[in-house]
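Novice: Starting from two chains that each stand alone, build the complex the way the hints lay out.
Residue numbers (full-length UniProt numbering), protein chains in the order written: chain L, 1 to 346; chain P, 1 to 363.
Derived from the structure by calculation, the hints contain no laboratory data.
Cβ coordinates follow ideal geometry from the N, Cα and C atoms, glycine included.
Mixed in with the good hints there might be a few duds.
To be verified - Pairwise CB distance ranges, derived in the manner of DEER restraints: (1) HIS226(P) with VAL40(L): 42 to 48 Å; (2) ASN256(L) with ASP260(P): 56 to 62 Å; (3) ASN263(L) with ARG164(P): 29 to 35 Å; (4) ASP186(L) with ARG158(P): 32 to 38 Å; (5) GLU302(L) with MET86(P): 49 to 55 Å; (6) THR36(L) with ARG164(P): 50 to 56 Å; (7) PRO147(L) with PHE175(P): 50 to 56 Å; (8) ASN136(P) with ASN256(L): 36 to 42 Å; (9) LYS80(L) with ASP260(P): 29 to 35 Å.
To be verified - Just some of the chain L residues that point at chain P, by a computed CB distance under 8 Å: (10) ASP145; (11) ARG158; (12) TYR184; (13) LEU185; (14) PHE211; (15) SER212; (16) CYS222; (17) TYR234; (18) TYR238; (19) LEU274.
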Amino acid sequence: MVVMKMKFPFQKRVKLAQGLWLLSWCATVAGAMTFTLGCVLKTELRRRAEVMDNSDIHVVPNTLMIVGLASLGINYFASKICQDALDAGRFPRWKNFLKPYFAVSCFFTVLMLLSVIMSFAMKGSLESSLKVGLRNGIRFYKDTDTPGRCFQKQNIDRLQMTFQCCGNNDFRDWFEVQWISNRYLDFSSKEVKDRIKSNVDGRYLVDGVPFSCCNPSSPRPCIQYQLTNNSAHYNYDYQTEELNIYLRGCREALVNYYMGLMNTIGAGVLSVFLLQGSVLVSLRFLQTAMEAVAGKENTEIETEGYLLEKSVKDTVKEYLDPVLKFLLLKNQVEEGTTSTAGPAHA
Amino acid sequence: MVLLKMKFTQQRRVRLAQGLWLLSWLAVMCGAFIFCLGVYLKTELLRRAEVMDNAEIHVVPNILMMVGLASIGTNWVASRVCQDSMDASRFPRWKVLLLVWFGAAALLCCLLVAVVVLSYALQGRLEESLKVGLRNGIRFYKDTDVPGRCFQKETIDRLQMEFRCCGNNNFKDWFEVQWVSNRYLDFTSKDVKDRIRSNVDGRYLLDSVPFSCCNPASPRPCLQHHLTDNSAHYNYEYQAEELNLYSRGCRQALIDYYMDLMNSTGPGVLSVILIQISVLVSLRYLQTAVDGAMALENPEGNSEGYLLEKGLKETLEEVKANVLDMLKFGQVDPAAEESPEAAGGEKAADSPTEKAASPPSTS
Chain L
1 MVVMKMKFPF QKRVKLAQGL WLLSWCATVA GAMTFTLGCV LKTELRRRAE VMDNSDIHVV
61 PNTLMIVGLA SLGINYFASK ICQDALDAGR FPRWKNFLKP YFAVSCFFTV LMLLSVIMSF
121 AMKGSLESSL KVGLRNGIRF YKDTDTPGRC FQKQNIDRLQ MTFQCCGNND FRDWFEVQWI
181 SNRYLDFSSK EVKDRIKSNV DGRYLVDGVP FSCCNPSSPR PCIQYQLTNN SAHYNYDYQT
241 EELNIYLRGC REALVNYYMG LMNTIGAGVL SVFLLQGSVL VSLRFLQTAM EAVAGKENTE
301 IETEGYLLEK SVKDTVKEYL DPVLKFLLLK NQVEEGTTST AGPAHA
Chain P
1 MVLLKMKFTQ QRRVRLAQGL WLLSWLAVMC GAFIFCLGVY LKTELLRRAE VMDNAEIHVV
61 PNILMMVGLA SIGTNWVASR VCQDSMDASR FPRWKVLLLV WFGAAALLCC LLVAVVVLSY
121 ALQGRLEESL KVGLRNGIRF YKDTDVPGRC FQKETIDRLQ MEFRCCGNNN FKDWFEVQWV
181 SNRYLDFTSK DVKDRIRSNV DGRYLLDSVP FSCCNPASPR PCLQHHLTDN SAHYNYEYQA
241 EELNLYSRGC RQALIDYYMD LMNSTGPGVL SVILIQISVL VSLRYLQTAV DGAMALENPE
301 GNSEGYLLEK GLKETLEEVK ANVLDMLKFG QVDPAAEESP EAAGGEKAAD SPTEKAASPP
361 STS
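Here chain P stands alone, though its shape is the one from the complex (with noise of 0.2 Å):
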């Protein structure tokens, strides 16, 4: 019972060689593509690596990459056997690496499907990450003269002037952090011994943000401290007030950028998916073909092209058969090493009681 059986010309086997030639270089620089893809998308997620926690989030580019070189070598080498499928002497050449080749085909397409899957399940561990980096950030605002810490104020100012956002949920992370470095702090001064007496761990806190929180389309001077002290400021009203800082939390900010970017390249993995899975069916029907050409008496005759011998199931489990034949060729070995002696004591044991069977009958 052969699978999608089709009868083929030589006329139709040319042509489908042509194609197939065009078409795996096409899936060659589609292969380029999706390397370069997994190149920009690293180094995206690279430039912000210090207010990421974990580096998980990597495994969708370091696929992308590793898929891109791997398409590009096995899209090559489904050229070069096409351009020798239509010479009778030089294609049996490629018969066993053929099998090889449409395994690994088939393993890039299902990581380029897990590659799409993940970039949508990854989305909580990157948040998760980011929730941990930003508040490390933030609590390391103030260590500008601690080695290794030195440029979180620098990063994440930065960061919240570039993305447009303030804090990690909102601005009000800003208050429950001491931001300001003691070594700026007056501790002779009334206001600031009274502030660190006010809470338990003996920190400066305070209702002020970053000048980098402040939104320039605001049609007010930035009003950075004192925050929720509506006195504090002329016709200032601290609930309603909507365009001083960045509303957004830069954990949503960074989210929707990277969702943003995995997104969009969504349609280009999915339709370079569709041009491998082309390229290694009509490679498999140009190998049948070819093959069944070939063991015709006239090589130019018509041939059948199919994409499996037997049913589904039949060749799975002939392969499971093979595989199990590979593993267990291990275990056969000591097998193999006594029944040649149990076979040659048999042998010995038989010939006697021939022997001893052959004289009474002649006799």
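Next comes chain L alone, as it looks inside the complex (with noise of 0.2 Å):
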């Protein structure tokens, strides 16, 4: 039962032969740009990996530029063999290699798919690694003296600038940490005391956030401090109050940056995806119909062409059998002289 035949007369062939060198040409430059967008990814989550617990997600923009390295090579050779075909004499070189040619293609054309479904799939991982990144971003944020920390105040104050963004959830985060550092405080002072007494683990806690958390597009000079003390500052209201420091918090901030990006990748190498898989389709075609061909006197003939011999469950079941049987047979051949073995030693 073969799936999908097509009549290909010779002008046909010859004409699937040219659409087809074209069309490889372009996957290549698609298989490139696929590459390039995989770097691009790589290095904006390298950027922000110190506000990153695991790099998990790294795996979308390796995949992607092992595609696209992969889709260059594929394409190359899909060129080559399709400038061969229309040749009688030089086509049957590829006989042997076309195989696993195609077991390979296939295999990287739906490890593309893949990846756009993973980019999508991996937000619920960027968010919990994003969430525990910034929480020890915002705890370390005091110790710039410690060694391996003492940049982390920096990085957490850029990237509030940057993403225009306050604290993990919101700005309230702040005011659950202790982000002055203890050398900064006058212990002698009454309020430093009174502060510290008043939590258990004696932490100097404040109603106040770091500067990088004001908002420029405010009318009135930034407040910081005292923020839950309506009376500590001139007409202010905590509750209504919504342009003095960026409301967002930052976690919201870079998931929303990171998806939109891979949102975006996403929609063109799933372009990348289609062009890719209508080379192989076409290439296969190509094969099948100049296969018929071969060994006949006049080239010119009317030949078919199809995408599988057998139906697709009876294909499946040819490819995976010399896996499995290159799997599995090592065991049965160390079972049998394991077996024999044993009766000539007994």
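Specialist: Shown next as structure tokens:
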């Protein structure tokens, strides 16, 4: 039961080969573009690597880069094959190459589709990674004298200014950590001693935020300290104040940024996937149509081209059998040798 | 006395035409590059137009854009001319246009040189413009409720954050203006009343700076207020503190930025000048060589190419005489109307005397 049989007169075969040659060069360019998009995404993720706890999300740009490089190779061979396809003398040398070639190409094309799906599916993983990373960043904000953490303050400040956000979920995260280092606290002052005694861990907690949370669009000079105290500032209402500091949390800001980037890249890679798929389908049709011509005297006869000789199920079994045999056969052979060796010893 | 004479065989003329065709297309690309450079520089200047008092510095990108467009056209014409130069029937029609072309190309080169000179010479004007613009921006920082000035605060804040600078000359400029609006001052408070009474103009002056002056690289949470008061903050010394705020003034930061931009375009502009001059010289040689070849009996023989037919001084005098002639052409007309009448009168007066003279000779 042949899958998708089509008739190919000589003219149609020639047109198919020419069209496929152009298409494969377009697909090569598209593959290079995919590689570039993978590099761009990787660079952007690495720029904010200090506020990410794990690098699980890096599997998306890594896959894109691998698929981009593979697609360059696949499409290069596709163009070579269809150049040779119409030449009866040179086409047969590709005979043995084509079966593994199609297997590898299908694998990488499916991987391309998988990377697009992953870029949507990994939103949760990215979010939890950012949650932990930002929490640590805010906790270690004050440790500018601890090796390994001395740049956290600068990173968090620049992050909040660039992405116009404050804190992890929102600005209240700053109320729960001590973000002012002990080096700058006067422990002889009554106010400092009161604050430290007021909580179990002996931390100096304030209802204030760092300057990087300030919103330049506010008509009023920034109010950073005593945010919950309406009487501390003239004409100020904590509940209704919207423009003073950034209300958005940095986790949400970063997730939106990266999801936007990955959605755009995903749309591009999806179109590259369709292009690559059409190259492979056309090449398969060309191969089967030209195989029917081989050995005939009149090369201009009409032939049939098809996608798969057997049905989908049978073809999958045919491809997987060698792989499984390779994995399982070793066990069978070992069992056989041990069983023969046993009686021999005995 | 011909200037820089060179012999041209037919082969050499053909090579010159081909090379010039390529060079003129390269010059078209360079013209497009100059235009894009002008557009980029103009965009960068317009982005910060709110802190500039006048737009004199815009003459640099304007000239770059005009020269870029003109150079695209001129060099395209040059490529057409050298395409036609090998065809004896089509070359003569370019004769008059070529004179104009040489003038235009020379003018473009001069303008490009002027741009390079201006980009250095206008630095002082730019600094003046920024000084006044920033001073106004700092003065109107608090006027977020005044139409026309309501975005000054945001502009100055974003400028200070982006260029990592504070104030006009330095952060002390903020001590001299009231940058907190009266809407947010509690006039019943003693502190506010004291501060307002402490100076002649009744302004609320602080030794504080806005948050946008804060330096994120400081190991300490930013100290914005009571900057000159060492006792107001623990372990703080006003004179020794370096990293707390940005120490650079915004005028210096912006000047450095724009001068870097214009200096980095300098080498590019100079190389475009060289390419344009070489197109000019090559086209002149091609024109004279092809003209010389067409005048020969055998058009494929050797001819001479030169830059100027006469010496430099004589050519300039000739050009001056031509220009003066063209200018005097308007003045010649009244004299010409009188002289035909006078000439006619003289002729009429002459003929009777001739007639009078001839009969006595015959009789």
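Novice: Please go over all the hints and tell whether each is borne out by the structure.
Specialist: Tested hints:
1. Take HIS226(P) and VAL40(L): their Cβ atoms lie about 46 Å apart, and the range 42 to 48 Å holds.
2. The hinted range of 56 to 62 Å is not satisfied by ASN256(L) and ASP260(P), whose Cβ atoms lie roughly 34 Å apart.
3. Checked against the given bound of 29 to 35 Å, the beta carbons of ASN263(L) and ARG164(P), roughly 33 Å apart, stay inside it.
4. In this structure the supplied range 32 to 38 Å holds for ASP186(L) paired with ARG158(P), their Cβ-Cβ distance being about 34 Å.
5. The beta-carbon spacing between GLU302(L) and MET86(P), approximately 53 Å, falls within the hinted interval of 49 to 55 Å.
6. For THR36(L) and ARG164(P), the hinted distance range of 50 to 56 Å is not satisfied, since their beta carbons lie about 31 Å from each other.
7. Between PRO147(L) and PHE175(P) the CB atoms are about 37 Å apart, so this pair departs from the stated range of 50 to 56 Å.
8. Range check, ASN136(P) to ASN256(L): Cβ separation about 37 Å, and the 36 to 42 Å hint holds.
9. Hint check: LYS80(L) to ASP260(P), Cβ distance near 49 Å, so the stated range 29 to 35 Å is violated.
10. Evaluation of the ASP145(L) hint against chain P yields a held restraint, the C-beta minimum of about 7 Å falling below 8 Å.
11. For ARG158(L), the interface hint holds, since its Cβ comes within 8 Å of a Cβ in chain P; the closest pair sits about 6 Å apart.
12. The beta carbon of TYR184(L) comes within 5 Å of a beta carbon in chain P, closer than 8 Å, and the hint placing it at the interface holds.
13. At about 6 Å, the closest approach between the beta carbon of LEU185(L) and any beta carbon in chain P falls short of 8 Å, and the interface hint on this residue holds.
14. Interface restraint check: PHE211(L) against chain P, minimum CB-CB distance 4 Å, threshold 8 Å, status holds.
15. Using the Cβ-Cβ criterion of 8 Å, the hint placing SER212(L) at the interface with chain P is satisfied: the shortest such distance is roughly 6 Å.
16. A least Cβ separation of about 4 Å between CYS222(L) and chain P falls short of the 8 Å threshold, and the interface hint therefore holds.
17. A cut of 8 Å between beta carbons decides the hint on TYR234(L): the least distance to chain P is about 4 Å, and the hint holds.
18. Below 8 Å, beta-carbon pairs count as interface contacts, and TYR238(L) has none with chain P, the closest being about 15 Å; its hint is therefore violated.
19. At about 35 Å, the closest approach between the beta carbon of LEU274(L) and any beta carbon in chain P exceeds 8 Å, and the interface hint on this residue is violated.
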